[in-house]
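Modelling step: build the complete structure from the supplied sequences, incorporating the hints.
Protein chains in written order, with the working numbering: chain A, 143 to 312; chain B, 671 to 922.
Each hint should be verified, as a subset may be incorrect.
Said to hold, decoys possible - To be clear about the criterion: a stretch of chain A counts as covered by chain B if any three or more of its residues have a C-beta under 8 Å from a C-beta of chain B, and this derived list gives those stretches:
1) 151-164
2) 176-183
3) 273-279
The set of hints was computed from the structure by calculation and includes no laboratory data.
Predicted, not measured: the structure shown is a model, and the values here were computed from it.
Even glycine gets a Cβ: it sits at the ideal position worked out from N, Cα and C.
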Amino acid sequence: MPDSDRRRDFEEYARAAQGRLYRTAYLLCGNAENARDLVQTTLARLFQYWRRAQAADCLDGYARTVLTRVYLAERRRGLRDLLHHSRQDPVVAGPQPDLRVTLLAALAELPPRARAMVVLRYWEDQSVSAVAHQLRCSESTVKSQCSRSLARLREQLGDAHAYAAEVPSR
Amino acid sequence: MSHDDETLLVRDLMRRTADELPALPDLTPEAVRLGRRRRTRLRTAAFAGVAGAAAACVAALPLPGPWAGEPGGAAPAAPAHAVPSRGPGTTQSGQLQEFQQRTAATLGATLGGRLGTIQPEADRADRYRAAGGVGADTFLVVITVRPAYSDPPRCVDIPEKHSRCASVTLPDGTVGAFRTEPMDGGPLTGVSFTHAHEGSEVELAVHPDHAVGLVPPITVEQLAEAAEDARLLTALRRAAGSPLFEEGRSDG
Numbered sequence: 143m144p145d146s147d148r149r150r151d152f153e154e155y156a157r158a159a160q161g162r163l164y165r166t167a168y169l170l171c172g173n174a175e176n177a178r179d180l181v182q183t184t185l186a187r188l189f190q191y192w193r194r195a196q197a198a199d200c201l202d203g204y205a206r207t208v209l210t211r212v213y214l215a216e217r218r219r220g221l222r223d224l225l226h227h228s229r230q231d232p233v234v235a236g237p238q239p240d241l242r243v244t245l246l247a248a249l250a251e252l253p254p255r256a257r258a259m260v261v262l263r264y265w266e267d268q269s270v271s272a273v274a275h276q277l278r279c280s281e282s283t284v285k286s287q288c289s290r291s292l293a294r295l296r297e298q299l300g301d302a303h304a305y306a307a308e309v310p311s312r
Numbered sequence: 671m672s673h674d675d676e677t678l679l680v681r682d683l684m685r686r687t688a689d690e691l692p693a694l695p696d697l698t699p700e701a702v703r704l705g706r707r708r709r710t711r712l713r714t715a716a717f718a719g720v721a722g723a724a725a726a727c728v729a730a731l732p733l734p735g736p737w738a739g740e741p742g743g744a745a746p747a748a749p750a751h752a753v754p755s756r757g758p759g760t761t762q763s764g765q766l767q768e769f770q771q772r773t774a775a776t777l778g779a780t781l782g783g784r785l786g787t788i789q790p791e792a793d794r795a796d797r798y799r800a801a802g803g804v805g806a807d808t809f810l811v812v813i814t815v816r817p818a819y820s821d822p823p824r825c826v827d828i829p830e831k832h833s834r835c836a837s838v839t840l841p842d843g844t845v846g847a848f849r850t851e852p853m854d855g856g857p858l859t860g861v862s863f864t865h866a867h868e869g870s871e872v873e874l875a876v877h878p879d880h881a882v883g884l885v886p887p888i889t890v891e892q893l894a895e896a897a898e899d900a901r902l903l904t905a906l907r908r909a910a911g912s913p914l915f916e917e918g919r920s921d922g
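Here it is as structure tokens:
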């Protein structure tokens, strides 16, 4: 396939996928600016290895895996922490926090890996085995981490007005 | 509330939170530009490694023609940035090549899991280029030998400079200082491992890539784990005892 075709394929995919990746990145990072940087890096990696990405069984899954691993790698490296010295982190729950701040503050309390598991499992609706594969850990680890994280979220969100709202219809 | 209800609530909260996101500009053109740059850098780094080894091989070969056997003749000049403080003769080139190959192999064996393939950088004994590791970026790995002022090396946190240090005793009793701190005058952090050996202080540092805004995919904890491998210490001590690093030792 000529390079121009490959590039066109990538651009088409990237434009369609970036919004979805952005939303996931936001839940992982907790602020829009870092989420945009994370998606930008993810798309650059996808383009760098586009041939490999296209050959994947599920391109969306491949992109999601890249996104999650870039997020975890950056957290490990402390880059985000370093950037926080110069950027104001808006995720601070006040006495009467709004819905967004409450959830993001609760997610921010989780360790990065646990946060990634929660986002993949409950936001992306990934199966336990898919999350385990993406994060290179055992299924039992995913189950126990998600269960613990959900309990912590429940504890944090328990008094929030929004969380006490009606269970959404299935 | 059942587990399923809780799950639904969390999912609903996530959806409502993500709905409030500001609009995203089109990131595609920048992704193409960055992705191309990453590819080029990866290829360049790989080529530099191969070219460096090839250059060392060529330098080790007997020279035919007018330069052959001419003491003090007009041999090709050594690059100005070469580390060796002695002349770039055949023996020195062979020594450099052997050192580079052994060191790159050891660095690859001990740090390759995080940093990928490690190649010597051109004709430098002290600089190596890691490419294709976690995140598939390229990072500079530098070995520095200087006189030791204390054994074990000084290890203190300097919060105002975002510099953190952990002192770790390795299995053979060596005490290493493992640091994460901004490097090369930029804001991004790299990691380093310093230890004292026979009057010299040897440092292994993995630098960030300021051009693309990335810090290396290895933490001080992971570097400390790698340093537990005796092969890494042996390679660093070989550098401390090598004439290729004489300049650093004498300069301090």
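Tested hints:
1. 151-164: holds (count 7)
2. 176-183: holds (count 5)
3. 273-279: violated (count 0)
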